[in-house]
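Undergrad: Line order of the protein sequences matches chains A and B.
If you count by our numbering, then the first sequence holds residues 94 to 269, one letter each, in order.
If you count by our numbering, then the second sequence holds residues 94 to 269, one letter each, in order.
Be aware that one or more of the hints could be misleading.
As the list makes no split between identical chains, a pair holds if one copy fits it or if it spans any two.
[Stated by the list, open to error] Restricting the straight-line Cα-Cα distance to at most 20 Å, the calculated cross-link-like pairs of lysine to aspartate or glutamate (EDC-like) are:
| hint | residue 1 | residue 2 |
| --- | --- | --- |
| 1 | K245 | E260 |
| 2 | K245 | E108 |
| 3 | K267 | E189 |
| 4 | K172 | D238 |
| 5 | K223 | E135 |
| 6 | K267 | E135 |
Source of the hints: derived by calculation from the structure; they are not laboratory data.
2 protein chains.
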Amino acid sequence: MFEELPLAEVYRLIEPGPVVLLTTADEGRANVMAMSWHMMMEFTPPLVACLVSGSYSFAALRATGECVIAIPDVGLAPKVVAAGNCSGRTVDKFREIGLTPLPAAEVGAPLVAECFANLECRVVDDGFVKRYNLFVLEVVRAWRDPAQAAPKTIHHTGYGHFVVDGETIALPSKMP
Amino acid sequence: MFEELPLAEVYRLIEPGPVVLLTTADEGRANVMAMSWHMMMEFTPPLVACLVSGSYSFAALRATGECVIAIPDVGLAPKVVAAGNCSGRTVDKFREIGLTPLPAAEVGAPLVAECFANLECRVVDDGFVKRYNLFVLEVVRAWRDPAQAAPKTIHHTGYGHFVVDGETIALPSKMP
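Full structure from sequences and hints, please.
TA: Right under this line is the structure:
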């Protein structure tokens, strides 16, 4: 269902600041959380910084060094909020929320079948984890669902309020 | 023209991932650049990570440890692109682009009069500057223009293409 996305295109998905899902799998147990605190750090190989605070996902990411960043369309907003409202410590969040884990190619964490893009990531620098819970990830494989041709991402503005992608504008820019 | 914004509200501006302007001032010379690679790191005091690559702004930020993050509405998109298309090394970008610098309260870098929000920042951690050009900033004062009641921010998706804020949705969330 997914087709591979060139790694050089990954920044175009993360740079606009969408809410994403972050999946992990530790000792066969998959988990998923919602995340808005992330940024691009390098075009290629794509490096992404993200802040994963003291959650069950944090422990799995620390232990395995692997995760998937899955990017949901606005249609998944209720499931994104559900992912933020419970802890994987007590429930199987994929089953509870109604999301479908799929095997990834390079990492143990699952892709999310319902998301329009999935980025397989490995932790490449944990130098800021102790101080800030900030992980530096390298995206090693990227996937896009061609059936979701014009997804609209969501941007969290606090307390469950999200701005949905609106119109697109183009201006003559020298920047990538 | 600006009213003060509580620091605890700052994350609601940065978390959605808007394109911002970053201003600096070194030896009396103000400069401004466009930036999309930033993220929240802490609610309060608000910490923001940002990546400022090898530009004139980088040198000023390194030398002074101070900057302002100014957030533009979509109406300023052509000026944002203009800020990305030239270097402060050779021109006075505020004059060239037609942006108005205003004195900040706590830092030497200027506010941008046309932007709906301005965040005065100090570098509080440069441990990732050498490796990644990543600065950790603390927002020390924040300002909002009450005349711009419902600004629409822009989100860069590459090569001068921007997604503009669309509708807002609200869902019952336990998250701040």
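Undergrad: Out of the numbered hints, which ones does the structure contradict?
TA: When the structure is compared with the hints, none of them turns out to be violated.
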